[in-house]
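Protein chains: 2
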Amino acid sequence: MKIVWAGSRHAFEISDRISKLVANDPWWPDGLGKVSTHGVVYARLIIDGQEHGIHGFIVQLPSLEDHKPLPGITVGDIGMKFGNRANNTMDNGVLRFDHVCIPRDQMLMSITNCGACQVYYVFSNQRNKRTPDDKLSWTDSLAPAHCWNLNVVSPLSPLVYETLVFVRQKIVQDASCALSKAVCIATRYSAVRRQFGSQNGGPETQVIDYKTQQSRLFPLLASAYAFRFVGEWLNCLYADVTQRLQANDFSTLPEIQSCTAGLKSLTTSVTADGKEECRKLCGGHGYLCSSGLPELFAVYVPACMYEGDNIVPLLQEKFTFRNSNIGLRTVSPLRTMAYLGRIEHRMQYRCNVEKAEDWLNPGAVLEAFEARAARMSISCAQKLSKFSNPEEGFAELSADLVEAAIAHWGVKQQLKLLCGIYSLFLLHKHQGDNLATSCITPKQASLANDQLRELYSQARPNAIALVDAFNYTDHFLGSILGSYDGNVYPKLYEAAWKDALNESVVPDGYHQYIRPLLKQ
Amino acid sequence: MKIVWAGSRHAFEISDRISKLVANDPWWPDGLGKVSTHGVVYARLIIDGQEHGIHGFIVQLPSLEDHKPLPGITVGDIGMKFGNRANNTMDNGVLRFDHVCIPRDQMLMSITNCGACQVYYVFSNQRNKRTPDDKLSWTDSLAPAHCWNLNVVSPLSPLVYETLVFVRQKIVQDASCALSKAVCIATRYSAVRRQFGSQNGGPETQVIDYKTQQSRLFPLLASAYAFRFVGEWLNCLYADVTQRLQANDFSTLPEIQSCTAGLKSLTTSVTADGKEECRKLCGGHGYLCSSGLPELFAVYVPACMYEGDNIVPLLQEKFTFRNSNIGLRTVSPLRTMAYLGRIEHRMQYRCNVEKAEDWLNPGAVLEAFEARAARMSISCAQKLSKFSNPEEGFAELSADLVEAAIAHWGVKQQLKLLCGIYSLFLLHKHQGDNLATSCITPKQASLANDQLRELYSQARPNAIALVDAFNYTDHFLGSILGSYDGNVYPKLYEAAWKDALNESVVPDGYHQYIRPLLKQ
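Top line first, the protein sequences correspond to chains P and L.
Going by our numbering, the first residue of the first sequence is number 5, and it counts up by one from there.
Going by our numbering, the first residue of the second sequence is number 5, and it counts up by one from there.
Simulated from the structure, these hints should not be mistaken for laboratory data.
The structure displayed is predicted, hence computed values, not measured ones.
Treat the hints with care, as some may be off.
If chains are identical, the list can't say which one is meant, so a pair holds when it fits in one copy or spans any two.
To be verified - Think about it this way: if two alpha-carbon atoms lie no more than 25 angstroms apart in a straight line, the pair counts; the simulated PhoX-like pairs of lysine-lysine are:
id: 1; residue 1: LYS390; residue 2: LYS215
id: 2; residue 1: LYS433; residue 2: LYS359
id: 3; residue 1: LYS447; residue 2: LYS433
id: 4; residue 1: LYS284; residue 2: LYS433
id: 5; residue 1: LYS387; residue 2: LYS495
id: 6; residue 1: LYS433; residue 2: LYS215
id: 7; residue 1: LYS174; residue 2: LYS284
id: 8; residue 1: LYS174; residue 2: LYS215
id: 9; residue 1: LYS359; residue 2: LYS390
id: 10; residue 1: LYS387; residue 2: LYS447
When you get a sec, could you build the whole thing from the sequences and use the hints?
Next up, the structure:
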């Protein structure tokens, strides 16, 4: 029996709002444009004018004989995207339906339930006690009438959130790899390149020895390491939550959803900005495609958009603010919020650093971070309480909430020398918030900066070893500037001659355009 | 008479250190790769083993008959660069010389003088009393022997600095245009796009109404306007300095050189980052080439490198620090440093803001900026004074010097509502420095942020008009998302079908790769 979907002028109304575009047409799915034979389409199910929520449907797109789109289906590529190659090797597609009919058994129903009796109703081709006869019409059913009151799986369904968590923790792990590639290239090239500072005709200074270079590069190196450990931590959390779910224990799910949302946002933003910074750190040659850096940037930046634009996940930090309000009654089984449990202590905290070296104590840095995050959360909560309508308050204060969420996610990192650089760099970067919340004094902030500068000097001798430790092959890096042997300039020169424009000595168009100008 | 240049294995040793690359070969010059017939080459002049400084030489590169490189000359394109088109329409070149000989009269000598007698010695083809007979050998001359002690024009030569100033002020003007294009696109599309917030089935909320969007977009809009005015101000300064130079008045030259260096760095950095921010503000569609935004970014980012990498000009702010040390004896004929003239007042300044609205007084904001800049300069000067070797001090504190220079260049801006947004945004962005220097209290910082949020609401109704005021045609913007009529989605759809990949319904490679997979 075929199902005809009711709707407006199009057969489907697509429920994925991010893709909601040209009169609700899908736009962006990878592989849709030219290659795919089938798609899973999420749409509002409307029967006899009544909405039944969002459901998934398997839809064949082109003929399996000649690959031409089936009747009523228009499908194609969305056009060129950022970068020379980057994601242009992928045919992201646009799709339109015009009264397309599909068999009922192509509706994905394994996790759909009836809102009234909680019976999981399975529609499939498999013979199953609960499966209605495929030949029955839609309105005929062996099930009670209320079983047609179909609900999409509850938003708190473990299966949905498990998938969301899995994808986001993978993104965090990828961020470390992505950032470390760019940092590896920039660090190696900064050691190769020499500029100014020649004494008595001797060699010029390696760019990596300049404090201005170190202050931009080494925090990124530290971040790459930090994100690696965060990614592994999230991976452990994910394995843990999967086991708990199998035992019907949902206690850690809200917190891990919050973790992955916030860390997805933080790590992808830092990584995208960091890749561009690495490109700039390579000077003019960072603009060449053979540096590998433009493409690394162009390929990566969508990570700030997919699986949740980076602002929205931070605003989903209601978990944080809810716990700020709860204070002592903080529920944080994963202990990412444990520091909010002693809220009075956080509010009264005064930093006791007196010398620059005191900032080498990770505990001192951690306490300052925790105090700042706690106070910013409390401040937001207090401002929110002045609004009679909480939603209006959230809307008006959304920019402040984002900043508070960012403050929270800077807390959970532990490293050694790179830890020192990472943490003091963040302390300096967010000096405004640290001082505004009186966690530290201006004098202590200055000492932190002095200590940070000292740590750059300590990190300098090991910088190359630290990026070699990523163990990336030259092939994987895809960058001449980042060559393991540092033999950059001959390779740049050699690569230039391989460019298509150099296939002929005399360029196309010489006789047509240049010669007449010279000879007139 | 031909001149043979002494040197290592190559005929020229190129003096442009930025291009000093493959055994000192030139790399990057626009138009060099395939098109140019001649180049001006700057090289160290060495005669009989003695250095005579850097001089310019006109060198023919290819034959004027068939465009093939002349003997000893290797020239070609350096390869693909960032972006799909961007600057890939330009043949940036690489050039090598192998014992190339050129006539002596191709040496550019109009501003070269003899170090001893200050006689401007002109070598040219024109008959001139001071011109030696072209047929004389190099060592023969009618001039006194010491006139062979040739010097390159003094670094303080007005002609050299006038050119530098002209180019940099043009870059500042271009920054406004560049940023305003991206802001125009992002603002218009933010008004078109709707997401979430639907009440009772009504339309969703325009993205431009979200505070998170306004807090990222409106400061960029304000910056685009601010840079426009700064560019015009610099243009006036340039006209003024040109007139003064003609009257041999060099009094404003150091200060205008400092202005253009600092503002070049500031405006191009903000513009490059701002363009990428505008792209992100358009969500996923900002990743499409048809948005115009990837290309706007890829074309523009070299501005952060050419005419001085953006860190180096800020470190040339020795003018600022020299004046910080001078204090009351500040020499600032253009009055960009006038605020340093009352240094004790700046050091004792305490902000008197009590209510959020007090921050609408431009004088209050300006005083806070001036106090912060002055105190950061003094702090840097004090730290520098602890080094017995000033050069070592500058190297060690270079990152701090950059931050102080940035603080100085935030001071000189005056606007109205956008002024309020621009100034309070900067106050918030640099909250760390403002609090660290005790210019404002945490309470006052919080009030500034409250006022900023209020200004975003006030700017919202006029946002579209403010970008329409740039008066850019759709053709000039080159962006579907930024279409004047806001009819984005049909145009996006129409543009997609023009992509080369959609020229055929069935893609190339279907029979070769996909069909066998399906049929196996």
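Structure-based check of all given hints:
For the homomeric pair LYS390 and LYS215, the shortest alpha-carbon distance between copies (18 angstroms) is at most 25 angstroms, but the shortest distance inside one copy (46 angstroms) is not. Taking identical chains as interchangeable, the C-alpha atoms of LYS433 and LYS359 lie at most 25 angstroms apart only when both belong to the same chain, with a minimum of 20 angstroms there against 27 angstroms between chains. For the identical chains of this complex, LYS447 and LYS433 are neighbours both inside a copy (16 angstroms) and across copies (20 angstroms), given an alpha-carbon limit of 25 angstroms. Proximity of LYS284 to LYS433 under the C-alpha cut-off of 25 angstroms is found in both arrangements, the shortest distances being 19 angstroms within a copy and 22 angstroms between copies.
In the homo-oligomer, the alpha carbons of LYS387 and LYS495 never lie at most 25 angstroms apart, since the shortest distance is 58 angstroms inside one protomer and 43 angstroms across protomers. Both within a single protomer and between protomers do LYS433 and LYS215 lie at most 25 angstroms apart by alpha-carbon distance, with minima of 16 angstroms and 23 angstroms respectively. Taking identical chains as interchangeable, the C-alpha atoms of LYS174 and LYS284 lie at most 25 angstroms apart only when they sit on different chains, with a minimum of 22 angstroms there against 28 angstroms within one chain. Taking the shortest Cα distances, LYS174 and LYS215 never come within 25 angstroms of each other, neither inside one copy (34 angstroms) nor across copies (30 angstroms).
Proximity of LYS359 to LYS390 under the C-alpha cut-off of 25 angstroms is restricted to the inter-copy arrangement: shortest distance 18 angstroms between copies versus 41 angstroms within a copy. For a Cα distance limit of 25 angstroms, the shortest separation of LYS387 from LYS447 across copies, 14 angstroms, qualifies, whereas the shortest one inside one copy, 29 angstroms, does not.
Hint check: violations occur at hints 5 and 8; the rest are consistent with the structure.
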